[in-house]
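> Below are the chains, spelled out letter by letter.
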Amino acid sequence: MSDLRELYQEVILDHNRSPRNFGRLEDPTLQADGHNPLCGDKLTVALNVADGVVTDIRFEGSGCAISKASASLMTEGIKGKTLDEARALFERFHQMVTDQAAPADASLGKLTVFAGVRDYPARVKCAILAWHTLLAAVDNSQEPASTE
Amino acid sequence: MTDVYRDVDVTTTTVAPTDPLVAPEPFDVGRIRELFPILAQRVGDKPLAYLDNAATTQKPRPVLDALSRYYAEENANIHRGVYALSQHATEAYEGARAKVARFLNATEPAEIIFTRNATEGINLVAQTFGRQTVGAGDEVVISTMEHHSNIVPWQMLCEEKGARLRVVPISDTGELMLEELASLLGPRTKLLSIVHMSNSLGTINPVREVVELAQAHGVPVLIDGSQAAYHMPVDVQALGCDFYVVTGHKLYGPTGIGALYGRRALLDAMPPYQGGGDMIRSVTFERTTYNEVPHKFEAGTPHIAGAIGLGAAVDFIAGVGFAAITAHERPLLEYATAALEAVPGLRLIGTAPNKASILSFVLDGVHAHDIGTIVDTEGVAIRTGHHCTQPVMERFGVPATARASLAMYNTTAEIDQLVAALTKVREIFG
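Respectively, the protein sequence lines represent chains A and B. At position 131 of the first sequence (counting the first as 1) the number is 131 in our numbering, and the numbers step up by one without a gap. At position 410 of the second sequence (counting the first as 1) the number is 410 in our numbering, and the numbers step up by one without a gap.
Do not rely on the hints blindly, as some may be mistaken.
Claimed, not checked - No more than 30 angstroms apart at the CA atoms, straight line, and that leaves these computed lysine-lysine pairs for DSS-like:
| hint | chain 1 | residue 1 | chain 2 | residue 2 |
| --- | --- | --- | --- | --- |
| 1 | A | Lys81 | A | Lys42 |
| 2 | B | Lys355 | A | Lys110 |
| 3 | A | Lys42 | A | Lys79 |
| 4 | A | Lys42 | B | Lys424 |
| 5 | A | Lys42 | A | Lys110 |
| 6 | A | Lys81 | A | Lys110 |
To be verified - Pulled from the structure, derived: some chain A residues nowhere near chain B, Cβ distances all over 12 angstroms:
| hint | residue |
| --- | --- |
| 7 | Asp3 |
| 8 | Arg5 |
| 9 | Asn16 |
| 10 | Asp27 |
| 11 | Asn36 |
| 12 | Asp41 |
| 13 | Asn48 |
| 14 | Ser62 |
| 15 | Asp105 |
If you are wondering where the hints come from, they were derived from the structure by calculation, not from laboratory data. Built from N, CA and C at the ideal position, the CB exists for glycine as well.
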């Protein structure tokens, strides 16, 4: 069993306690709801986009420390990025939390604190919910994103 | 049939020892645990504290032996086989039915229908009795504390028939509100379906009283006994209910097998559930006539090994005895309740005076899933989430709870292990 501190890193606990970009975004350009049917966690991600660049992003909802911190750090990582960059970041993040063999990807910056999640298969969906929801918003999906 | 568990027959342990020389042997949880090989496991370097019994119980040797013996020595398809092996398998399968009938005190084995689980038992009633009985404008009554398996089949039926699902509310402690229940019953009520013991709150409902209220309105009653049946004796005749469902894997038996008790007169009048082999008397392309109960409801080759395993499981429970089980589990629940209440920031959800073996809780500032992951690293297996009772979570205003649930083999040491693990949760989350 890997060390719990690998999973619950100080950065994650901090973002769980005080999530950044938390709350409602009025009249967003894009918005989507996400749902983890496994645990009932629900989350909304809303973005303002100008000229293909994310100018503002916020999230609201409830969830465990992993899902909340993941949403919080995602919003920090996405702000100022283009939608294409956001998609690329999603792919790299997804690989990091699911692929045991994936090497550390320094380009993920702070998001590498979630690398420990891959040792806890039951918790991967917690880390990925916000990202699926973001992608649904970017793709302008009418269906709520789901981890299933 | 091996007699392994006869050695631990402790049905007399509740007799107060008056003379120390003839004092009955106390319930020996150590000897019980020896019958469950999985309990000796370690999780990493920690002993396993299995506290997720409301999800599924572990299996004792007599059940494991019955399963392997069936496949090693008795396997053949049942009914209609003219050779000895098939006749033995048929006898073992029908013998298991008789054991389950005895366990629930049904009037006769034919009142026991083998199903996959309690969920299938409820769906069977909804799709046969329900479709036959419930019409447009009629009502089906359930309660807020039902498992999704006792909500969704009725929602589907009501949607199909244009009927209405009515829900009995529960109190802040998690008790069924009987006055509201009585007021919901009326001429339109075609069925009351209610849980005997809540899987997320531990509440034991006053089902005898509930049946009396329903009977006063001529309303048939289904009781979901998934949780109750491994903690307390169930006597369907004394309860007076019309249907009672159990699931084998919560009775220390195999997964994939459950049982539905139905009153004979109702079962006889009900249409079949699924069509296929074994449920027919004769088939032509023009007309098929159906078999008698219980076979009318058991289309296709059933889970023969599972039924035999379930038979061994209910024998095992009867051998230990509910008097002894209760005498062990009740103080254990009291111990666990006191221990958890002493944990700073912990709040129990479900505090009904009459409850058993389930401790649902939330911890200030920590989501249930984080609790579950952290205590797992300390060897403690508990369930976290909504426990397939989302309306209960909504009723108590929580997204999820952590749930420790006890069985006959759990110990105070395992409760201590849980409490110590919760201290670790606090250390991490501050």
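> Which earlier hints turn out false for this structure, listed by number in ascending order?
Violated hints (numbers, rising): 2, 7, 8, 9, 11, 12 and 14; every other hint is consistent with the structure.
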